[in-house]
Amino acid sequence: MLKREGEIRIPSGCAIAAVISKEGKGIRGDLISEAMKPMHDRSNGLGGGFAGYGIYPEMRDFFAFHIFFDHRSTRKECEALLKERFEIVKGELIPTRKIPQITDEPIIWRYFVAPLKSMLAAEQIDENEFVARTVVKINTQLKGAYVFSSGKNMGCFKAVGFPEDVGEFYRLEEYEGYSWTAHGRYPTNTPGWWGGAHPFSLLDYSVVHNGEISSYDANRRYIEMFGYKCTLQTDTEVITYIIDYLLRRQKLTLEEVASVIAAPFWSTINAKPEKEKEKLTYLRTVFSNLLITGPFSIVFGWDGGLMALNDRLKLRSMITAEKDDKVFIASEEAAIIAMEPEAENFYAPSGGEPVIVRVKEGKF
Amino acid sequence: MKRVYVNEKWCLGCHLCEYNCAFANSGMTDMVKALKDKPIYPRVHIEQSDDITYAVSCRHCKDPLCVKSCIAGAISIVDGVVKIDKTKCVGCLTCVLVCPYGAVRPGPTGAAQKCELCLENSCGEPACVKGCPNNAIVYEERQEEK
Amino acid sequence: MIDQYIYPEFEVVRNQNRCISCRVCERQCANEVHRYDTDLGVMLSDETKCVNCQRCVSLCPTHALKIVKSDCRLRENANWSDQTIKEVYKQANSGGVLLSSMGNPTPLPVYWDKILINASQVTNPPIDPLREPMETKVFLGKKPEKVLRRASGELITQMPPQIELSMPVMFSAMSYGSISYNAHASLARAATELGICYNTGEGGLHEDFYCYGENTIVQVASGRFGVHKNYLEAAAAVEIKMGQGAKPGIGGHLPGAKIVGDISRTRMIPEGSDAISPAPHHDIYSIEDLRQLVYSLKEATDYKKPVIIKVAAVHNIAAIASGIARSGADIIAIDGFRGGTGAAPTRIRDNVGIPIELALAAVDQRLRDEGIRNNVSLVVGGSVRSAADVVKAVALGADAVYVATAALLALGCHLCRTCHSGKCNWGIATQRPDLVKRLNPDIGSRRLVNLMNAWRHEIKELMGAMGINSIECLRGNRLMLRGVGLTAKELEILGISHAGE
Chain A
1 MLKREGEIRI PSGCAIAAVI SKEGKGIRGD LISEAMKPMH DRSNGLGGGF
51 AGYGIYPEMR DFFAFHIFFD HRSTRKECEA LLKERFEIVK GELIPTRKIP
101 QITDEPIIWR YFVAPLKSML AAEQIDENEF VARTVVKINT QLKGAYVFSS
151 GKNMGCFKAV GFPEDVGEFY RLEEYEGYSW TAHGRYPTNT PGWWGGAHPF
201 SLLDYSVVHN GEISSYDANR RYIEMFGYKC TLQTDTEVIT YIIDYLLRRQ
251 KLTLEEVASV IAAPFWSTIN AKPEKEKEKL TYLRTVFSNL LITGPFSIVF
301 GWDGGLMALN DRLKLRSMIT AEKDDKVFIA SEEAAIIAME PEAENFYAPS
351 GGEPVIVRVK EGKF
Chain B
1 MKRVYVNEKW CLGCHLCEYN CAFANSGMTD MVKALKDKPI YPRVHIEQSD
51 DITYAVSCRH CKDPLCVKSC IAGAISIVDG VVKIDKTKCV GCLTCVLVCP
101 YGAVRPGPTG AAQKCELCLE NSCGEPACVK GCPNNAIVYE ERQEEK
Chain C
1 MIDQYIYPEF EVVRNQNRCI SCRVCERQCA NEVHRYDTDL GVMLSDETKC
51 VNCQRCVSLC PTHALKIVKS DCRLRENANW SDQTIKEVYK QANSGGVLLS
101 SMGNPTPLPV YWDKILINAS QVTNPPIDPL REPMETKVFL GKKPEKVLRR
151 ASGELITQMP PQIELSMPVM FSAMSYGSIS YNAHASLARA ATELGICYNT
201 GEGGLHEDFY CYGENTIVQV ASGRFGVHKN YLEAAAAVEI KMGQGAKPGI
251 GGHLPGAKIV GDISRTRMIP EGSDAISPAP HHDIYSIEDL RQLVYSLKEA
301 TDYKKPVIIK VAAVHNIAAI ASGIARSGAD IIAIDGFRGG TGAAPTRIRD
351 NVGIPIELAL AAVDQRLRDE GIRNNVSLVV GGSVRSAADV VKAVALGADA
401 VYVATAALLA LGCHLCRTCH SGKCNWGIAT QRPDLVKRLN PDIGSRRLVN
451 LMNAWRHEIK ELMGAMGINS IECLRGNRLM LRGVGLTAKE LEILGISHAG
501 E
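First to last, the protein sequences are chains A, B and C. Counting from 1, position 33 in the first sequence corresponds to residue 33 in my numbering; the numbering is continuous, with no gaps. Counting from 1, position 97 in the second sequence corresponds to residue 97 in my numbering; the numbering is continuous, with no gaps. Counting from 1, position 405 in the third sequence corresponds to residue 405 in my numbering; the numbering is continuous, with no gaps.
Worth double-checking, as some hints may not be accurate.
[Claimed, not checked] Here are the simulated BS3-like pairs of lysine-lysine, each with C-alpha atoms no more than 27 Å apart in a straight line: (1) C:K143 with A:K272; (2) C:K146 with A:K279; (3) A:K275 with C:K137; (4) A:K229 with C:K146; (5) B:K62 with B:K83; (6) A:K279 with C:K143; (7) C:K143 with A:K275; (8) A:K277 with C:K146; (9) A:K152 with A:K229; (10) A:K137 with A:K117; (11) C:K137 with A:K279; (12) C:K66 with B:K38; (13) C:K298 with A:K272; (14) A:K279 with C:K298; (15) A:K25 with A:K326; (16) C:K489 with A:K229; (17) A:K326 with A:K37; (18) A:K98 with A:K37; (19) C:K142 with A:K272; (20) A:K251 with C:K142.
Derived from the structure by calculation, the hints contain no laboratory data.
Starting from the given sequences, assemble the full structure and let the hints guide the process.
See the structure below:
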């Protein structure tokens, strides 16, 4: 019998796309869904998904948990656990549309929650760490429940199917956000599981990724020292944890994160001016086990922007373009043209060169 | 000019150079056939005293006594290499007598012979150097001594 | 009691049709096996003295010689092997502890040979090291837990002291005394040219080799021979030797006969006195004592040198390593039960300790489980024989490896395992001047550099095949390994899956 995801490592090829408005203007979810159509052949119908930022403005102060349940009883059990730790402001089924392309869906709920102050005080941690730990706890200990989105004012939507069908299934046209990322999956070794689709997300961080990293187990075994648990055994999951660790726990800047996970070659570092060289040597030495090798192109989303990054040899295609206040990122140029036929300034970032787009302060 | 030099610090006194030399100048392709059960006439010789061993061969002097002393005009300098023309040598062995290094010796036919850097035999480079197990004998260009 | 006769272990087979009686064999055999008989006009051999070091075989210009194992056998017995019986004879004769040299030769499992390496196909590309950059540089030492910044936001880039290596291989400890001056010169020069380190062992550092200090690890062992301020300051790192894989729990003994001239001066002990390294450090009877020595050495070197603790792989190595990782040490070196030695009691060498592969896997996992893997770098030795072994060790979790036997082989050693006789025909494990000079460091260092460059190429090829272009992405990357013919328990300890899984 095929092993379920998490019991075995699953490599996959993929398509990614993203769009962001630097002015923080609303973009409808069906736009990003359009981008995935010309890249249909980069997926194989075993997973598609999206992450939208700024989609829950009225609930922006609460963590939005999107959860798959295998069964009603699992939901009851999970809700009981949530109630011990959070105030649940709202809990509801995520609206979906019945279409023939998407079948066998689990029970899909979302909860808007606030951590109980007493619990935060008892565990002596901040609310982000508290939420992160809760997510890891549910996903590792509560069989049949899987939290696939846990940030504020953002949400992931994913399923087994082709990405454009997943967009229709989740009625993405009903959401508006200032940025979106999308993913179509071509896994090679899975029966297809809803939780295994991408984006992978923790707190407001989300990652879509195309590639198969060769450093996986080195990265995983390092990051698991810090309380993370790689339950899915996918690249995207470990990349998300690495970024979370470096950004949130080590307080690195995005640029510094990029020079850890796609570190310049030593020859490049040694040719830099003294100050820069010291810094890059330091980062590469201290976080040597977080260097990622093998092909990847990723779009990392967070509350306020997007970062696109290729592996340092650029073994996966990735291209960016602009139009007015919008920036587009995709595996293929065709995907960008599908979103914006008038797009301009097409640019293929070199290996290890981060493209960071921030939404103007206070615009979302 | 490239010459054969010996560093006695690394000379082990194994005498392999002598056998390699004799073989290289034998004109044969098999060492056993060339040297087995025969007296050998190498052009390099190990000098030994207590703990020191040293392979001696022709220095190819700039102003060689052997050339001056040869009564038959058999010894000459060609491109810096001191050579003996066997067909001219009368076997008087004056050269053996005058060489301050003891580098010239009588050969199997009675004619004098000495190291000619393996330039004309099948080895093509000094066989003693090639076969020295400890790099004690080298063939290299050095600053000319005054 | 009469001497119990033991038939010679080896036969010298001389092809008289090929022998030209050049007597190279005779001149090169310190054991005096060969001699020329002027009456018969042939070479003869005394095989009782032969140790099968192959010096004569290697130098014979007509390939007239070979040394073979004698087929004279005692009556077959599956329980009492020839070896066992002969050892009984020897001990009944001498009343002494049996001595052996180099690593454990017994047919215990070699786990390296039961581990296979992955390669990329289709889903990600292999990388050609001739076309793309491929990095093997490593830094050994403690890594800071938390990134610190100045008020301006600028990163504070100071780090605890590190050793920088161009590739994850170092020459492990062999003392001046156990090996020759020329062997040390070869190692020091090769390490410097390669951008790696060699290790003095417990014999001090000869004054001629201070110039190679940046590529030298100096050892402080239980005898404290040759340890002084300049010695510590000259080095790239200081290693405290607690144990050795070939003889865990056993000290060392260099006989007074070998303590002559430079060796006596370098060890800082009188000529002719035995150099005895006690089994324990007598100021370290527990982990808290070790911490004191670590910090004494750090004080003495102004906190500028990483401190390495070298231990033998023994049963509870994971717990020991965990203790060391909290002792202030920067690097842990673990030496497996196949590690070499200049002399060890045979019973200890062949029966004490555990395989390095299992020790490494257990220690790396334990340190990760405890979240202290970054406190220390992990170096392993004890029979790392090839680039493939290096790659497997790194993938199991090592930061670098120590090699010694392979380095000695490069210098000419033929693993005859009689270092303790002091008559090494290859000029390595000897102090006899006529033998020492057989190892010309020009040749020795070049051969070491060749060997390591060859390994570096192979490491890059293996990494490239896996789609990895930097060695740090291989470190601890156990998914790149699969076991063959291993039990579930062995796989569990190694932390790898079986081939086909």
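Open item on the list: Let me make sure I understand: some of the numbered hints might not hold for this structure. Which ones are they, in numerical order?
Closed with: 13
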